[in-house]
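Student: Sequence:
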Amino acid sequence: MAEPTPGISAVPHEDNLRYFDVEISGPDSSPYEGGKFKLELFLPEEYPMSHQKICLDILKDKWSPAHQIRTVLLSIQVLLSDPNPDDPLANDVAQEWKTNKEQAIATAKEWTQKYAK
Numbered sequence: 001m002a003e004p005t006p007g008i009s010a011v012p013h014e015d016n017l018r019y020f021d022v023e024i025s026g027p028d029s030s031p032y033e034g035g036k037f038k039l040e041l042f043l044p045e046e047y048p049m050s051h052q053k054i055c056l057d058i059l060k061d062k063w064s065p066a067h068q069i070r071t072v073l074l075s076i077q078v079l080l081s082d083p084n085p086d087d088p089l090a091n092d093v094a095q096e097w098k099t100n101k102e103q104a105i106a107t108a109k110e111w112t113q114k115y116a117k
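Per the UniProt record's numbering, residue 1 is the first one in the sequence shown, and the count goes up by one each step.
Watch out, some of these pointers could steer you wrong.
The calculated DSS-like cross-link candidates involving lysine-lysine, where the alpha carbons are at most 25 Å apart (straight line), are [said to hold, decoys possible]:
1) 117 <-> 101
2) 114 <-> 101
3) 36 <-> 109
4) 36 <-> 101
Source of the hints: derived by calculation from the structure; they are not laboratory data.
From just these sequences and the hints, can you work out the full model?
Tutor: Spelled out as structure tokens, the structure:
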């Protein structure tokens with residue numbers, strides 16, 4: 001909060017400072033452009049020694065206690081620009097990105113307009 005990042009906001013809950021409401025803007029020139037994506041971030045008691053759970057390399061095998069929440073949220077925003085179908089959260093979506101990328105991009109744009117505006 002002390003160093004705001006354009007396109008990202010993270011506001012802790014007053015009753016639990018480990019729990020954040022996050023909003024990430026879809027990156028320009030991505031299928032998610034113009035969308036506002038809401039996330040919940042909950043920091044485990046072991047944070048920063050342990051990581052949060054999401055399919056992102058810095059949150060798994062490349063985790064470091066030096067990573068800040070800001071770094072994690074920026075990495076999630078970058079993931080919207082460059083999805084990694086080889087490390088999916090949803091296997092069916094990853095398969096579509098691999099086999100029919102044009103349709104996957106069209107679906108991402110449609111869902112952004114429908115659900116993230």
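Student: Evaluate each hint against the coordinates.
Tutor: Status of each hint after checking the structure:
1. 117 <-> 101: Measuring from Cα to Cα gives roughly 23 Å; hence the hint holds.
2. 114 <-> 101: 20 Å, holds
3. 36 <-> 109: 12 Å, holds
4. 36 <-> 101: 22 Å, holds
Violation of the numbered hints given earlier is absent; every hint is satisfied by the structure.
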